Amino acid sequence: MTTPAKIDRLKQKKEEIEKQLAELEAREKNKTRKEDSRLKILIGAAILADTKTKPELATAIQKILDRAITAKRDRLFLQEKGWLPGQPETGNREEK
68 MTTPAKIDRL
78 KQKKEEIEKQ
88 LAELEAREKN
98 KTRKEDSRLK
108 ILIGAAILAD
118 TKTKPELATA
128 IQKILDRAIT
138 AKRDRLFLQE
148 KGWLPGQPET
158 GNREEK
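Following the working numbering from start to finish, the sequence shown increments by one per residue and tops out at 163.
Mixed in with the good hints there might be a few duds.
List of simulated lysine-lysine pairs, DSS-like, C-alpha gap at most 30 Å [said to hold, decoys possible]: (1) K101 - K139; (2) K96 - K81; (3) K107 - K80; (4) K107 - K96; (5) K86 - K96.
No wet-lab data here; the hints were simulated from the structure. None of the values given here were measured: they were computed from a predicted structure.
All chains should be built: construct the whole structure from the sequences, respecting the hints.
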């Protein structure tokens with residue numbers, strides 16, 4: 068085999084390996100993201116279930132949420148669900 072042909076063959080192998088590596092990395096990233104979401108759901112569900120019988124836990128969580136959640140969209144959602152104090156702004160409220 069000539070040197071240019073060997074170079075071309077090795078470049079092709081390299082491209083195939085890089086493609087396989089990218090696919091594996093994407094699968095691993097997706098798996099990690101799914102596991103992270105599952106963890107959040109399970110922990111959240113357990114804590115929410117406990118807040119129904121432990122008002123002090125609900126109060127502590129409300130304080131954490133009030134301190135930690137800063138995005139307006141998220142704060143409004145939590146207000147609508149009763150987890151943050153205050154009235155969500157509707158934009159349609161009439162001035163008194």
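Taking the hints in turn, this is what the structure says about them:
| no. | hint | verdict |
| --- | --- | --- |
| 1 | K101 - K139 | 26 Å, holds |
| 2 | K96 - K81 | 22 Å, holds |
| 3 | K107 - K80 | 41 Å, violated |
| 4 | K107 - K96 | 17 Å, holds |
| 5 | K86 - K96 | 15 Å, holds |
When each numbered hint is compared with the structure, a violation occurs for hint 3 only.
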